[in-house]
Amino acid sequence: AQSVTQLDSHVSVSEGTPVLLRCNYSSSYSPSLFWYVQHPNKGLQLLLKYTSAATLVKGINGFEAEFKKSETSFHLTKPSAHMSDAAEYFCVVSGGSQGNLIFGKGTKLSVKP
Amino acid sequence: KAGVTQTPRYLIKTRGQQVTLSCSPISGHRSVSWYQQTPGQGLQFLFEYFSETQRNKGNFPGRFSGRQFSNSRSEMNVSTLELGDSALYLCASSLTGAVYEQYFGPGTRLTVT
Chain A
1 AQSVTQLDSH VSVSEGTPVL LRCNYSSSYS PSLFWYVQHP NKGLQLLLKY TSAATLVKGI
61 NGFEAEFKKS ETSFHLTKPS AHMSDAAEYF CVVSGGSQGN LIFGKGTKLS VKP
Chain B
114 KAGVTQTPRY LIKTRGQQVT LSCSPISGHR SVSWYQQTPG QGLQFLFEYF SETQRNKGNF
174 PGRFSGRQFS NSRSEMNVST LELGDSALYL CASSLTGAVY EQYFGPGTRL TVT
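For the protein sequence lines, the chains are A and B, in the order given.
Residues in the first sequence are numbered from 1 upward in steps of one, following the numbering used here.
Residues in the second sequence are numbered from 114 upward in steps of one, following the numbering used here.
Hint data in this document are derived by calculation from the structure and do not stem from the laboratory.
This structure is a prediction, so every number in the text was calculated from the model and none was measured.
Misleading hints may appear alongside valid ones.
Said to hold, decoys possible - Each pair of labels, with its calculated beta carbon distance range:
#1 A:K69 / B:S140: 32 to 38 Å
#2 A:Y29 / B:R143: 22 to 28 Å
#3 A:S26 / B:Q131: 36 to 42 Å
#4 A:E71 / B:T226: 43 to 49 Å
#5 B:F173 / A:N41: 19 to 25 Å
#6 B:S164 / A:L20: 40 to 46 Å
Glycine residues also receive a C-beta, built at the ideal position from the N, C-alpha and C atoms.
Could you build all of it, start to finish, from the sequences and the hints given here?
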């Protein structure tokens, strides 16, 4: 069965410093993995996706994620945080038992000036 | 292309009433999925419709139902509302199915009093 664990419920960084949001997954086969972002009172926006091509995936707004099969991880990074990055981020794996995407619990990112 | 639209954006209902939410997917997308988002449970999959047929269903009671029309627009209905149904209801559309990248609408905030 597929599952996803976001290791931090809340991450706080200063503007201009790197961002690291951690995600581990469990899958019985090679999964598709996604990161979504949700700004307050908004829907979810797709940041990036991994679908068994390149292991380093570049997304929008300077975010990227690396698929590491040996570590079953798909961490999200950004070299320099911006105030507008403050939001909640969801790691998602495909292939739920009901034929759906499975969402992690979310990581709330705060960015201090 | 226009994004996913959901109406209404906000709703206040009383326990025991019923409610219908509407979702218009991105043009050309045939798959529409519905999710419930609450602070306690996170994002939970309700169901997916594809070409007017319910293709997948999550673990929600029968009070939650949906349908899809020939133009791919979808409606979700909740009957006999309970306080616990208060949530953000998100609709997502996809070209081919719920396990692939999905594009989310802004959501409908339902408050049950």
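Next item on the list: Hints the structure violates: just list their numbers, smallest first.
Entry: none
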